[in-house]
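**Q** Spelled out, the chains give:
Number of protein chains: 2
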Amino acid sequence: MIGICAQFTIQDGKAAEFEAMLTEFVTTVKAKEPGATVYQLCKNAKAENEYFMLELYADQAALDAHGKTDHMAALVAKIGQFLAGPPKLVQGPALF
Amino acid sequence: MIGICAQFTIQDGKAAEFEAMLTEFVTTVKAKEPGATVYQLCKNAKAENEYFMLELYADQAALDAHGKTDHMAALVAKIGQFLAGPPKLVQGPALF
Chain H
1 MIGICAQFTI
11 QDGKAAEFEA
21 MLTEFVTTVK
31 AKEPGATVYQ
41 LCKNAKAENE
51 YFMLELYADQ
61 AALDAHGKTD
71 HMAALVAKIG
81 QFLAGPPKLV
91 QGPALF
Chain E
1 MIGICAQFTI
11 QDGKAAEFEA
21 MLTEFVTTVK
31 AKEPGATVYQ
41 LCKNAKAENE
51 YFMLELYADQ
61 AALDAHGKTD
71 HMAALVAKIG
81 QFLAGPPKLV
91 QGPALF
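Chains as they are written, first to last, in UniProt numbering: chain H, 1 to 96; chain E, 1 to 96.
The shape of chain H in the complex, shown without the other chains (with noise of 0.2 Å):
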């Protein structure tokens, strides 16, 4: 299994949009993605305009193929007008 944290940091203004958005991903990603073990977008309580996504890989051709979606390059084609910044991202392999 293969983790990610990505935390995102929005806009003033955006947030409704960008849930909007990530609510159609999210159910997509969940509905076509069955190697997508855990995909979950959090709000971040401590910080307005912040969210994270939980995201769980069955294995590194689940997330490479999570990578090659039409929705995922449906999203990527849209986000940046929503981001304050790049994303920020931790990576790497399930320990147990």
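Hints were generated in silico from the structure; no laboratory data involved.
Don't take each hint at face value.
Unchecked claim - If you want a taste of the chain H side facing chain E, the calculated C-beta under 10 Å gives, among others:
no.	residue
1	Ile-10
2	Gln-11
3	Met-53
4	Gln-81
5	Val-90
6	Ala-94
Just so it is clear, CB atoms sit at the ideal spot from N, CA and C, and this is done for glycine as well.
Given chain H, put chain E in place with the hints provided.
**A** Frame of chain H; chain E shown alone:
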């Protein structure tokens, strides 16, 4: 649901001991805490001595209970000797 990503930086030379301690701890969480629906330690593939924990709790009660367990108290008493700095935490409600 409530999500947490906790990031740890470990002192040089202590990774193996840290992993052994966390193996025991995570195994206990998974065995004793059904409200901890995801509890996954991962190694940061891009940074030596860095780990992150992906955590999801069924509700606030599960998170509160987690904080009051004997195994958490035991971990808190031991973990300081391994850390190169304070853990970094993001926490908040899971949106969907």
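**Q** Each hint should be assessed against the structure and marked as holding or not.
**A** Verification of the hints:
{"no.": "1", "hint": "Ile-10", "in the structure": "violated (13 Å)"}
{"no.": "2", "hint": "Gln-11", "in the structure": "violated (18 Å)"}
{"no.": "3", "hint": "Met-53", "in the structure": "holds (9 Å)"}
{"no.": "4", "hint": "Gln-81", "in the structure": "violated (20 Å)"}
{"no.": "5", "hint": "Val-90", "in the structure": "holds (5 Å)"}
{"no.": "6", "hint": "Ala-94", "in the structure": "holds (5 Å)"}
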